[in-house]
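Its first residue numbered 1, the sequence shown is counted upward by one per residue in this note's numbering.
Rather than coming from a laboratory, the hints here were simulated on the basis of the structure.
Check each hint, because a few of them may be wrong.
[Stated by the list, open to error] Calculated cross-link-like contacts (lysine to any residue; reagent style SDA-like; alpha-carbon spacing at most 20 Å): (1) K50 / R24; (2) K50 / E69; (3) K50 / V6; (4) K50 / T10; (5) K50 / R18; (6) K50 / I17; (7) K50 / I4; (8) K50 / E33; (9) K50 / M1; (10) K50 / Q12; (11) K50 / F19; (12) K50 / H62; (13) K50 / T66; (14) K50 / H11; (15) K50 / I2; (16) K50 / Q7; (17) K50 / E5; (18) K50 / R16; (19) K50 / E27.
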Amino acid sequence: MIEIEVQNETHQNQARIRFAAVPRIGEGIRLREPDGMWASYDVIDVWYQKVEYGDIWMPYLHVRMTPGEAAGSDGGESTFDTGFGTQEGELEPFKI
């Protein structure tokens, strides 16, 4: 596992997360939102910095929320039709 510092441009915060591989620029990753829901993010920059202890380079990611995710995250289902029904604020898997 590789510990990577992720700098989130959408929420202006940073966190250290463990990955099996370093994502590349343009790839998408799923991160948990502050409200507990999962959302898609695009990797917009990857860089490495040398740490103080030894000859080790630490990877850093700069991410931004995927444009389609932002439309449905405010709770207003009327602005973005997902094709699903809602029940008590949660999406139902089928709408007949």
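Comparing the hints with the structure gives:
1. K50 / R24: holds, 19 Å
2. K50 / E69: violated, 34 Å
3. K50 / V6: holds, 16 Å
4. K50 / T10: violated, 26 Å
5. K50 / R18: Cα-Cα ~18 Å, so holds.
6. K50 / I17: This hinted pair holds, its Cα atoms lying about 18 Å apart.
7. K50 / I4: OK: K50 and I4 at ~13 Å, within 20 Å.
8. K50 / E33: violated, 29 Å
9. K50 / M1: holds, 18 Å
10. K50 / Q12: violated, 23 Å
11. K50 / F19: Judged against 20 Å, a Cα distance of about 19 Å means the pair holds.
12. K50 / H62: At roughly 17 Å apart (the allowed maximum being 20 Å), H62 and K50 satisfy the hint.
13. K50 / T66: With Cα atoms ~29 Å apart, K50 and T66 exceed 20 Å; violated.
14. K50 / H11: Between K50 and H11 the Cα gap is close to 26 Å, so the pair fails against 20 Å, i.e. violated.
15. K50 / I2: holds, 15 Å
16. K50 / Q7: holds, 17 Å
17. K50 / E5: holds, 13 Å
18. K50 / R16: holds, 16 Å
19. K50 / E27: violated, 24 Å
The structure fails to meet hints 2, 4, 8, 10, 13, 14, 19 from the earlier list, while all remaining hints are met.
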